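There are 2 protein chains.
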Amino acid sequence: MGKLQKSRVTLLDIAADADVSRSTASLVIRNVPSVAETTRKRVLKSIKKLGYVYHRGAASLRRQYSHAVGLIVSDITNSFFAEVIVAIEDRLATAGFVTLLGNTSEDRSKEERLLRTMQEFPADGILICPTLHGEFSKGFAHFGDVFPVVGFARRIPGLDYVGIDNEQGALLAIEHLYRIGHRRIAFLGGNPNHLLAMDDRLKGYQQALSQLKVKFDPLLVVPSDLNRRGGFDGVQKLIKAKNPPTAVLCFNDVVALGAMEGIRRLGRKPGVDFGIVGFNNISDAAQCVPGLTTIENSPSQLGESAAELLLKRIEQRGAPIRTIILQPKLIVRESCGAPFRNQNSQLMSKEEKLR
Amino acid sequence: MGKLQKSRVTLLDIAADADVSRSTASLVIRNVPSVAETTRKRVLKSIKKLGYVYHRGAASLRRQYSHAVGLIVSDITNSFFAEVIVAIEDRLATAGFVTLLGNTSEDRSKEERLLRTMQEFPADGILICPTLHGEFSKGFAHFGDVFPVVGFARRIPGLDYVGIDNEQGALLAIEHLYRIGHRRIAFLGGNPNHLLAMDDRLKGYQQALSQLKVKFDPLLVVPSDLNRRGGFDGVQKLIKAKNPPTAVLCFNDVVALGAMEGIRRLGRKPGVDFGIVGFNNISDAAQCVPGLTTIENSPSQLGESAAELLLKRIEQRGAPIRTIILQPKLIVRESCGAPFRNQNSQLMSKEEKLR
DNA sequence: CTGAAAGCGCTTACAG
DNA sequence: CTGAAAGCGCTTACAG
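Read top to bottom, the protein sequences are chains C and G.
Each residue of the first sequence is one higher than the last, beginning at 34 in the working numbering.
Each residue of the second sequence is one higher than the last, beginning at 34 in the working numbering.
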């Protein structure tokens with residue numbers, strides 16, 4: 034501890050201590066090779082000695098990027114998004130970027146505040162899963178080619194986007210339920226007009242029904258909050274109605290897990306008395322009993338692609354808009370109800386164990 | 034669009050357009066009242082007209098704080114932490130701070146990288162739940178009075194800290210299990226030597242047993258990963274052993290929820306054939322069936338206190354170290370097993386519904 | 001291989 | 001109430 038630390042140790046202090054210029058010290062820090070080995074060593078020694086901490090903010094101001102990226106999510110407590118966040122943060126860290134996280138809790142005004150704050154920061158770009166609302170354009174209008182923004186999971190017209198083929202996913206789910214014997218199948222979760230993903234999945238649902246010559250019954254489509262509670266309450270409403278369904282496709286796994294509990298609350302056995310399909314394949318889906326049959330929408334793949342897309346967009350702002358649509362996959366587990374006993378012996382044996 | 038935007042619109046551009054000095058423009062932006070109303074309006078008009086975006090980074094460099102806070106968490110996919118994060122982010126946003134999020138996934142080297150990066154950023158301070166390891170001091174040694182760091186949920190000796198009274202929490206849980214008839218009670222989850230919280234809860238567990246004159250059996254203490262899978266596997270190991278327990282206290286709710294599924298996997302009924310108590314009271318605990326009896330460790334309260342503590346620490350770095358220990362509370366639901374039927378009529382009726 | 005000077009976009013005393 | 005100048009901690013050409 035050669036000297037009393039008054040405020041911050043700067044490059045100038047290092048330069049003085051190592052008896053070089055500020056520029057040379059800077060070159061050493063950034064690992065520019067053109068510095069003589071002896072000089073480099075002397076500088077590194079001073080850095081250690083004085084406890085120098087690099088100031089990225091100052092560097093960012095001079096260079097024209099911050100190596101910080103904003104990540105705005107609509108509900109961090111939803112496991113799906115938590116898993117997406119991990120993937121994004123990982124990918125960005127690898128590229129040397131820091132992540133600024135914001136959680137909107139589906140609150141539009143919080144979203145707008147976060148967008149502004151992060152842009153002011155300034156972040157080099159923003160990754161966002163927008164809140165539930167129809168008129169996206171409002172909050173995002175000023176980002177065009179001006180500021181790099183990539184949407185994920187929920188589409189934003191006019192911006193780069195990574196998401197899944199929602200229609201196809203719903204279609205796969207309904208076909209599966211039909212195949213194992215279900216004829217009266219409900220759709221639970223989300224709100225039309227608030228969520229394009231909901232509209233698309235509903236489209237897939239209806240399309241599948243019509244292909245399978247099952248009559249569409251609007252009473253079987255029930256909106257709900259996109260959390261456990263929503264599934265819990267929604268499925269009970271469905272079952273208590275007259276002419277109830279025998280199975281349900283839920284908007285996502287979290288809703289589906291809630292629905293499982295709702296069925297239990299009514300004294301029924303999910304996967305035996307009633308069929309449930311989720312959407313996303315979060316890790317809990319494999320862990321619960323009965324295992325949740327679901328549509329894979331890999332959070333890690335989604336997160337990685339989104340991060341990748343943003344990094345590209347930051348590098349070349351002028352590039353045309355890119356949209357990546359990931360393909361869904363049916364993951365069969367044990368939650369689809371009795372009919373399925375007569376279907377597949379391997380699955381049957383799993384089913385057996387439950388009793 | 035008066036002029037072609039070449040790079041960034043700065044205060045100087047605003048000043049030129051509004052025909053004032055840079056200083057005056059700055060005063061307007063920061064809402065300093067000493068500016069004449071007509072001048073203010075002229076400046077605001079130019080800001081809108083030119084699409085000016087405030088540059089916080091530049092301001093931070095000049096003032097001596099960034100209004101950014103680092104938040105490092107060991108596992109964002111754990112609902113408990115997700116709920117804590119929401120609370121922290123909320124509180125910080127209210128105070129005008131931006132949150133930089135880092136997830137370590139319990140990886141020590143990631144933790145060290147994040148600490149450094151955030152400090153370099155520079156964040157004004159860091160909130161951290163450290164990864165699982167004994168020698169905390171290593172990674173945190175250089176933060177003393179130098180840089181504001183507040184720990185939460187997992188203690189870090191020598192730093193500000195907010196957490197719960199783990200010993201007392203475990204004690205409450207065991208007393209409850211004993212009261213409703215359990216005599217052979219296991220402890221599941223965590224790893225001694227890696228986690229002080231585990232040591233403390235274990236201490237409470239043993240203390241309760243000894244007070245209740247129940248013999249301590251080390252075979253009933255089984256370590257596990259702190260996730261759903263850990264609970265799932267661990268409880269099955271416990272039940273399959275000879276002389277199995279009739280109930281288990283889990284390190285946290287996530288482990289407990291996994292244990293519930295593990296019990297189902299063995300064809301038993303959680304809350305009927307086997308008792309389970311969790312720890313934390315995450316929102317899923319109220320939602321599952323049977324409802325999870327648990328020890329409340331309110332994530333929102335924890336997060337808010339931690340944020341508060343950091344804000345104070347940032348304001349007065351010299352202040353003595355503060356430690357806040359929140360008091361746990363027993364939340365009785367339906368997961369504690371058959372003995373409990375003979376106990377409480379209100380709960381019995383809930384239990385009834387399950388059949 | 002190394003150094004002096006200018007500048008990134010703000011704010012902060014200090015004059016007037 | 002408003003303006004000119006210096007400075008926060010870096011990096012970037014440009015000389016030598």
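Incorrect hints may have been included.
The list makes no distinction among identical chains, and a pair is therefore deemed to hold if it is satisfied within one copy or across any two copies.
In silico EDC-like cross-links for lysine to aspartate or glutamate, where the CA-CA straight-line distance does not exceed 16 Å [as the list claims (entries may be wrong)]:
no., residue 1, residue 2
1, K362, E208
2, K82, D123
3, K236, D198
4, K246, D52
5, K275, D232
6, K248, E145
7, K78, D50
8, K81, E200
9, K143, D123
10, K78, D232
11, K270, E208
12, K236, D46
13, K81, E153
14, K275, E329
15, K81, E208
16, K78, D306
17, K273, E139
18, K345, E200
19, K74, D250
20, K273, D258
21, K273, E70
22, K78, E153
23, K74, D178
Source of the hints: derived by calculation from the structure; they are not laboratory data.
Since the structure is predicted, the reported quantities are computational estimates derived from the model, not experimental observations.
Evaluation of the provided hints:
1. Within a single copy, K362 and E208 get their C-alpha atoms as close as 12 Å, which meets the 16 Å cut-off; across copies the closest is 48 Å, which misses it.
2. With identical chains, the CA atoms of K82 and D123 are never at most 16 Å apart, being 32 Å at best within one copy and 39 Å at best between copies.
3. For a Cα distance limit of 16 Å, the shortest separation of K236 from D198 inside one copy, 11 Å, qualifies, whereas the shortest one across copies, 51 Å, does not.
4. Neither within a single protomer nor between protomers do K246 and D52 lie at most 16 Å apart by alpha-carbon distance, with minima of 84 Å and 72 Å respectively.
5. In this assembly of identical chains, the alpha carbons of K275 and D232 never lie at most 16 Å apart, being 26 Å within a copy and 54 Å across copies at closest.
6. In this homomeric assembly, K248 and E145 never come within 16 Å of each other (Cα to Cα): the closest approach is 42 Å inside a single copy and 59 Å across copies.
7. In this homomeric assembly, K78 and D50 come within 16 Å of each other (Cα to Cα) only inside a single copy, at 9 Å, whereas the closest approach across copies is 49 Å.
8. In this assembly of identical chains, K81 and E200 lie within 16 Å of each other by CA distance neither inside one copy nor across copies; the values are 58 Å within and 41 Å between.
9. In this assembly of identical chains, K143 and D123 lie within 16 Å of each other by CA distance solely across copies; the values are 10 Å between and 25 Å within a copy.
10. Proximity of K78 to D232 under the C-alpha cut-off of 16 Å is found in neither arrangement, the shortest distances being 62 Å within a copy and 41 Å between copies.
11. Proximity of K270 to E208 under the C-alpha cut-off of 16 Å is found in neither arrangement, the shortest distances being 24 Å within a copy and 38 Å between copies.
12. Taking identical chains as interchangeable, the C-alpha atoms of K236 and D46 are never at most 16 Å apart, the minima being 65 Å within one chain and 50 Å between chains.
13. When the C-alpha separation of K81 and E153 is checked against a cutoff of 16 Å, the pair qualifies only between copies, where the shortest distance is 15 Å, while the shortest distance within a copy is 33 Å.
14. With identical chains, the CA atoms of K275 and E329 are never at most 16 Å apart, being 32 Å at best within one copy and 39 Å at best between copies.
15. For the homomeric pair K81 and E208, neither the shortest alpha-carbon distance inside one copy (64 Å) nor that between copies (53 Å) is at most 16 Å.
16. For a Cα distance limit of 16 Å, the shortest separation of K78 from D306 qualifies neither inside one copy, at 71 Å, nor across copies, at 65 Å.
17. Taking the closest pair of Cα atoms, K273 and E139 never come within 16 Å of each other, the shortest separation being 30 Å inside a single copy and 45 Å across copies.
18. Proximity of K345 and E200 under a CA criterion of 16 Å is satisfied in neither setting, with 28 Å inside one chain copy and 50 Å between copies.
19. Taking the closest pair of Cα atoms, K74 and D250 never come within 16 Å of each other, the shortest separation being 76 Å inside a single copy and 58 Å across copies.
20. In the homo-oligomer, the alpha carbons of K273 and D258 never lie at most 16 Å apart, since the shortest distance is 19 Å inside one protomer and 40 Å across protomers.
21. In this homomeric assembly, K273 and E70 never come within 16 Å of each other (Cα to Cα): the closest approach is 78 Å inside a single copy and 64 Å across copies.
22. Taking CA atoms no more than 16 Å apart as the test, K78 paired with E153 passes in neither setting, with 36 Å inside one copy and 19 Å between copies.
23. Neither within a single protomer nor between protomers do K74 and D178 lie at most 16 Å apart by alpha-carbon distance, with minima of 45 Å and 29 Å respectively.
This entry does not satisfy hints 2, 4, 5, 6, 8, 10, 11, 12, 14, 15, 16, 17, 18, 19, 20, 21, 22, 23, going by the numbered hints stated previously.
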